[in-house]
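Order-wise, the sequence lines are chains A and B. Residue numbers for the first sequence follow our numbering, beginning at 1 and rising by one. Residue numbers for the second sequence follow our numbering, beginning at 1 and rising by one.
Keep in mind the hints are simulated off the structure, nothing from the lab. Cβ coordinates follow ideal geometry from the N, Cα and C atoms, glycine included. No false leads were mixed into what you were given.
Heads up, incomplete: computed chain B residues facing chain A, CB under 10 Å, no partners named: (1) G63; (2) D105; (3) A193; (4) L206; (5) A228; (6) T246; (7) L253.
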Amino acid sequence: VSPGRAHWLQSPHLARAEGGAESLAAFRRLAEPEQREVVHFGDVLAEASPALALAYALRAPHARARLPREGFARWAKLAVELASGELANRDAAGAYLRLDAAAIGACRPALLEHWRKLYAEVQSVSRKLAALFVEGSAPVMAKLGERARPRLDAWVEAGLDLASRSGWRGEFLAAAFFAAGSPTLSVLEAEEIPRWAALGAALQLGRDIGQSFFQGLPPGFASLTPAERAATFDLCVASAPRAARAAAGLFATLPAIAAQLPEDARLPLLRVLVAASSEAEAIAGVASMLDAIVRCVPAAVRDGLFDRIARLGARFPFCVVPLLRSLPRALEQAGARGMARWIAWGEGIAEANPEAGRAYFALESRTALRYLREHSAAVHLEEVHGVLRSYVRMLCGVSLTLRSGDGASLRPFLDRESLERSSIALPESVDLFSSWEDNFSVLKLAAAVGVGRLLYGSFELSLTRVRARLPAPLASVLAATIEGDGFADLLEAVPEADPLIALFAACDGARIDFRLRRQYRGYTAEIERLARRLVRRVARPRRSAELVLFLVGAGIPHGELLTDDLPADLLGSVAAALGSPESTVDDALAVAIQIRERLADSIAVSGFGPPTSYEELLFEKVTGDAALDPEPEGELDASAESRPTEVLDVDPAAVEEGDDDGPGTPLSAEELRRLLEAGAILKVGRGAEAADSAGIFARDLPLPTSAADATGEGQGVEGDRAKRPRRAAPERGGFDYDEWDYAIRDYRPRWCHLDEINLGGDAGEFFQDTLMRYAELLPEVRRQFQRLRPERYRRVRGLEDGEDFDFNAAVEARVELRARRSPSQRLYVARRAEERDVATLFLLDMSASTDEPVQPREPGGEPSAAADGKRPRRIIDVTKEALVIMAEALEELGDRYAVYGFSGQGRENVEFYLVKPFQEGLTARVRGRIGGIEPRRSTRMGTALRHARTKMANLTARSKHVFLLSDGFPQDFDYGTDRRSNTYGIQDTMMALQECQAAGITPFCITVDRTGHDYLREMCETSRYLVIEDVASLPTELPKIYERWVRA
Amino acid sequence: LPVGDEVELFEAAWRCRLPVLLKGPTGCGKTRFIEHVTHRFHGPVRDGAPGLITVACHEDLTGSDLVGRYLIKGDDTVWIDGPLTQAVRAGAVCYLDEIVEARKDTIVLIHPLTDHRRILPIDKRGEILDAHDDFLLVISYNPGYQSVLKDLKPSTRQRFVAIEFDYPPRDKEAEVIAHESGIDASTALELAALGEKVRNLKATGLEEGVSTRLLIYAAQLMRSGVSARAACSGAVTRALSDDPETQRAIDELCATVFP
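Next comes chain B alone, as it looks inside the complex (with noise of 0.2 Å):
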């Protein structure tokens, strides 16, 4: 479900084969994009290895965890490839889930393979590889809540085209939750209303808006027969805050919407 021309954008990005930064905040569809795009453009499969290997990145994500190492068994010490490395080679969609979590010395790593050179040198192996002709590069990156510390540099930032994700509008999120979770579109519009509601919260008392997968949730709650109140304080209110003054303002709204 379209909301903007993000499709046709990473169309084009995926002829040229430029690398793309997604930005949207938590749960907005990023990932469920890629997968779209993923399958519509390279197709889900590709000479038997996957079309789309995704990567969480974390706190303490290495370069040889993204590139591969050397792995003892039993008395030889094999190479294995990273998934980076392996969707070069393959010629997949690397998809760097919140690049921005990994550590620096990781996101130089992927510098050389997102300009014209196309190349993943592997220092341990002394190999320099280039990347088959379908493989591309694509991080995502909440710029939200991530502190300041945790920005993405520019020298990075630059060598990638953006597609900028937001939460949809009520009436199209309203749409996705009816059908992601097969609820009816009242209830599903008041849904989305509520989350619109809650969004307004957000820097003030929360550090992310709700998002539409929690929404989804909370439709799914409902639908399996949880009743509305409890299906938004389970999916919603407590999956958002901790802070007891918030839940309860929250659920208040809750409230509000729902009988």
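Chain A on its own, in the form it takes in the complex (with noise of 0.2 Å):
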């Protein structure tokens, strides 16, 4: 025993170390030779460094027995020469011998030899970096073998190249590079790793983002391809220059996104966003959203999509972002076939007017809407509502309310509301066929069995008389599942994942058509013609039972219907028990069973739920969105000029079958709430009437409160927000108003919101006090508008035809016929009755600003006080005084008259006061809530205006007028993107009175801004407005102006 070896192998820290007393048992069990070449090495060691050897102690006895003895020695030699020599390096050597010896052992000489030369040459640059060199890559090397060896290299080089970087800030860089080694060299191809290197390199924003970037590769990065990791690196390295923290923020999280997508739809995607590198922040807020987008997009139609967006963003990078975040809501409206018409035509927006192009594929102007409707094929129940909803009256005689339900179906929904019997649940929109017509048909025929199910009872289910029609074992199952007896039980007891409601809906569906089938001929030949449109469709290996039995009904023979599922017999018994004059409902529900029984899991076994062995009873199979074989006549395409479009017009057959998320599979509340997010479930809050089943999902939701909770990235968001259209949350009531923006020259739909208020008032009092206050000024105003009053008949002379003679004319005739001249024919008289039919709104402008007192009209004058003295009085008090006298002087004169007020806060909260409508007369209150007119916030008038145009659309009068009472222009803390512009509100404002005079209300605009004139002029025509510089002279003003351009 050597001196030094009682440091190590005799050494007590040895027998006391973790695994120590192993080691000396592992020791002990070698052979005696074998332990000689152990004790060698050690003691070579042992003279560089005690400790090295003591940790060479815990390591060798296993690495001898498990290693032959070459491979023994190559490792131990390498210890020695980390530990001592030209390479010595002892945190090296330390890092060394803690890994796994056997495995370096194995390692192949050339490449344990290849490693010591890099190590050498890191070693040159920095010891600790040589120390990190053993730590991250020799593990690597013993897995990846051979294949280490360029991936080894590239590590070096860019590991070097990052140290050599700006100084002490490199060498840190280099040492996290170097770190990170042994989990990223396993994941990290050669070629990729310059280029990690080189984004984290890029990403050097403080020290937050760029240590921690080479902590580790991001999660999901392994699970990505190299053609998908390649597409990541350009994203963010090309978005890093200019936004280095969303290019962290994104490769930090993208990988994990992208992972969870279909694969085949990773790389389109990246290639998509690769396009709009530029735009990094807004990519990263849409980030979290991109599952859901992607599984909107039909797989079939993926690639095709995906490449064009690429291609826009390749013109258009700011278009991509809002394009993929309205994706969804396009989708349902245009169809996969209508999108590449719709990009092409967004693109030319984009080119005159990029803010323009934004807003269309942001789905945020009217154009891009309109755009989407017009080339589609698809229904929807909005568009046709009016249509049908007298169609169904038409049939049924009562007005029945139709209700928009999620899904695809041939039937109407059946669902707890339908039971009330006063709506019918109609799919959202149909997109079965290339046409519209076809579309159309769908959605009315299903209308019609709506009503057929009112006309023909089927709310009048006994579940008793259906046991009665049941097989003994089914009867009894029924009794024991469902209490009660009627069709709410029904519903109750069958859980909505059971096929058997919609089955119930097929059957009593077919026997409805078979009952208005036999009353009406055009509804036979038009079901049977859609019915062979969808034979000819949808081949019979696809034909889910819904279809069948639609087909069925229809009067297809069965011959053509038969599947698997379906034999000819049974077809035969279902068509007889629900073809007869004497089919009921409970007959359609007995069939419904016996089907579900045959079918799907026994209801006997496993009671009602979702099936488990059937799943080809999913019933949008064939009913959603593209799951139809293509035409054979072979579509009328008129626009296959367009190159895009046939990028897209993949096989839609091929569709359905790799997408499993389909429409109408229920989201999960994840999913849900991001599309909301992304805007793609607006239609849920549309409307009262649109409280289906996705209404309730949403309203449970707890949706983000605010922009910078939805997508975790604070700067660029809010803008973003400030952008979308606005949800509409179901239960609130109100109006929505597009809004013109003249930036991109379109409307911005359901921009605003407005809500009526109704205004408090005081007793009266303020009424009152005016009247006393210009009691010298109405007696004459009284007496001006009394001459206007027209007389109730007028004589009109020179008539060929009349009541009685025109005594001059006949005078005159007379001497005409003695002078031998022909006299004129025109000899009578007429009494017309005249009636003056004219109906005016005054909109007062109740912002904050008329809360300014009166200035005099020259500094010396008598400063104005209100009536009692105390406060001076300000411009609102004026212009109520002027409605108090105009309100009376219109009394005097009788034509109609209202009076309403508007302010808000936001394109969110626009506020409408009533102060006097039509119907009302100048009653007390109406009095009492002039009086109560105070001044609050925002000027918002384009909507204001266009609610203005709203109320006074259902009148008729022969001359309608707008008199908008304002003191200054247009504003809003959101009115247009630039708070300090008014070009926006005013340019909003001027297209509001465009509308108004469209419809045929004559506007004027009155204002008390001696400024005014600057902006009035662009809003409307001279002869359109009046400024009046001494705004207390607005009560005897206003009369007069009323006089003079309120022509009946």
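Need the complex rebuilt from these two chains, each delivered in its own frame; the hints are there to steer you.
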């Protein structure tokens, strides 16, 4: 035993160290020559450092036991080399000795030699880095073998390159880079390593991002293919210089998101994002929704669509993210086929006006929505609502509400609300065929069946009677599972996922079709035509039970219908049971239960619930978005000349196969939330009727309270949100109006929300006070207006026929005759009734600025004071006084008039105060309300004017007028992006005024703002506005203006 | 084709020479009815004068239009009797169609004719004309679409025996259609069903339901070779409404009834 050996092999530290006892035991188990080898190298090491020798003692016996002689020698020699000699680096040696010796020793000598060279290279730069190199690289080398060589080369090169940059910072970076070696080297390919390093170097933004970048690869990265990784690098590298923080965030999150996507969708989507790489912040904002967005695109068109979007991004990167956000909605509206045209059109817009292009793709412009609709064959319930409602009313004689339900169906949905017999739930849209008329037909037939349910007693279901029609075992199951006897009990007891209700709807629909066909020849022809098309387009094996039952009801011979699951005899008995004139809803349910028993899990065995054995029962299968075979006769595609269309016109038959998450599949809450954020489920809140199941889901969701919560990325998002159409909450009443954006030269649809607010008032004191105050003026005004009042009858002279002679004319005619000239025939007079038929709406600006005291006209003039003399008279007070005088005068004249005020804050909260509607007379309450008018907040004139137009739309008057009384230009905090600029508001108000004019309402603007000329000239013609310089004279002036401008 | 007791009622009124008010929607056969009963009870011609004098009232119908006026003929001024005066003199049935359309001052003219006095004052000639024994005043009135302003005053209404008309039930209407147009019974029945359905739309989309007259027109068009859908579109849809949405809805209904 050499003296040095006492420090390692025989050291008491070894025995006490963790694993030391095992090592010693392993040493003792070794044969004599092997022990000697171990001891030999140990002694050499001990000379350099006893501590290293101690570490060696913990590894070496095991290594020797597992390695051949040469392998062990290679390992041990390397250890010695690291510990002493020209490459000596104790840290590196320590790290080396902590690694798995057996794995290193098993490496091929050439590789080890190469590794040693690389080590030497690093060592020559920095001893610290060399230690990290050893730690990071050796395990990889052991794991990958020869494949590790190029990676190690790249790694060392990139690491040393990092170290050579910017002094000590570079050293730090390189240290972090090398430290991450072992987890990253096994993932990254040789050519990816420098990209990773370069990206890390580009993202040096303070300590937090910079160092954490090299801590490891982002989650999910390992599962991406090289091409996908390359795209990720492309995206992040390209966006790093402009928005390093966003790029870092993207690199950290995107791989995990991409990894969740369907594999064939990843790369196309990443390419899209690469195209938009200049908008990294926006991409970061949309990242969390990508999954939901991708899943709403049918698999078959995905490549083509994303490719198209990528090409769009190449020209207009800023359009990509808005487009992605609105993609679900756009697809829903236009269908996959219409997208290419829609995008191409938007490209044209973006070319002319980038801002307009962005709004177009965000579906924030009216053009975008209109274009989507026009170029799609899809029929939306919303657009045919009026027609169908009238149709339904004619069929059944009562008014029914048409609701939109979620999903696709050939039949109206059966839900609890249907039981009230006051509504029919129809699919929100139908996009089965390539022609609008055919799709409309589907909806119309469904509506007819909805009526048929009422007429032919679908709701008079009796489960007792159904049981009597069923075989005994099924009857007893039914009795056991469902309490009660009625329809509601059935819906209560059968879970939604069970196919029974859908089957029942299909059977009952077929029964109703039999009845309707008996009654209406036209119905027979129409449903048969439609059924024939469906038969041609949906191949037999892909027909769902619902479709088959629809075809049975349409009278298609059974021979053409039978499928594996529904053989001819079954179809025959179904048709017999449903088709007889006496068959009732009970028969339909009995048939449905029998079919369900046959197709899905037995009810007798497993009760009701989603079937496990028969997945094909999914009802959306045939009725879903694009699950149809291509039309055999060939679609006449008028727009075949546009190349992008062809790209997307992939065979729609393939669409449904790979697309499990087609339309109609329930969404998870998370997906729903994302789609909501993306604006995809806007229809949920569209009107009170849309209280369908999705609406209920949506209400239960905790919606993000602020944009920052929703996306996690603060900057750039605020502006983004401000640019999204408002999301209507279903329970919220009020009115939505479009708004004109001059920047995009288009309307932003449903942009502003307006609520009508009842105005509290005083007890009429103000009104009385004003009357007193203007006691002298009033009689004068009254007299003026009395003169205006027309005579009830007016004598009309010079008629060829009339009540009486016009004696003057008769005498003249006599004279003419005597003079042998031909007399005039116009010898009669008549009395004609004249009526004044005028309606005028006074729209009052109640903005905060009307709180200003009235300035006397000249500095030395007497200060105006309110009636009580305590506070100064404000603009609003004068306006109110003018209204009082006007109201009194108009009562005299008998013209119809209304008074409304408006104010508000932001586009979500436009307030419209009801002072006096047209129907209400000048009652005490109205008088009180005039007194209660007070300054409020902002001035969003356009929306208020649009609402005034709505108010007057149903008024029959020969001439209609709106008087806008204001004290300044239109203004609101989000009236246009730039708060300081009034242009947006002025332009919007101008459009609103033009809309009024187009609706037959003559607007007139009166302002007390002396600078009013400047902007009023832009907003309307010179003859349509008046600036009143002296505010105090408004009460005297207003009646005169009225008299002058309002013509009967 | 009597639907209810309208013929008996009219006959009784005729015997007592009580003025009659016919109420009912457009094209349900009021005019047809009055022609029929005049023919039946009064006779088509009496003393060379027509048995039935019909005046279609309009907004500018004045008293002198009804009573008569002076006209200048060459050098002379001639008095010409108005239709009402003619009927009063000759003892005809005077039928004022859509009376509410006439001006209010016109309506009061008929007041003295409709009570026990049975006189017609002609103020321009200072003459008071006693009605002929066989004179009968019949007015019609459509309570449906006229505005509130144009309602009959109670003082006018309460001078008449009212007979209310409505569109006949489906089978009767089908009979009428078949008879008037010569179309086969099943198509007539379908047309009647169509009419019944379209009338459901009254007050929501339409001011007035489709009249029997229009249905007959449609049947006549069909009989002369026009396709059922085109005939309905022309005679029913376009005639009823100008609103594209309502038109579309009615067209859809036609498509449901006729192949």
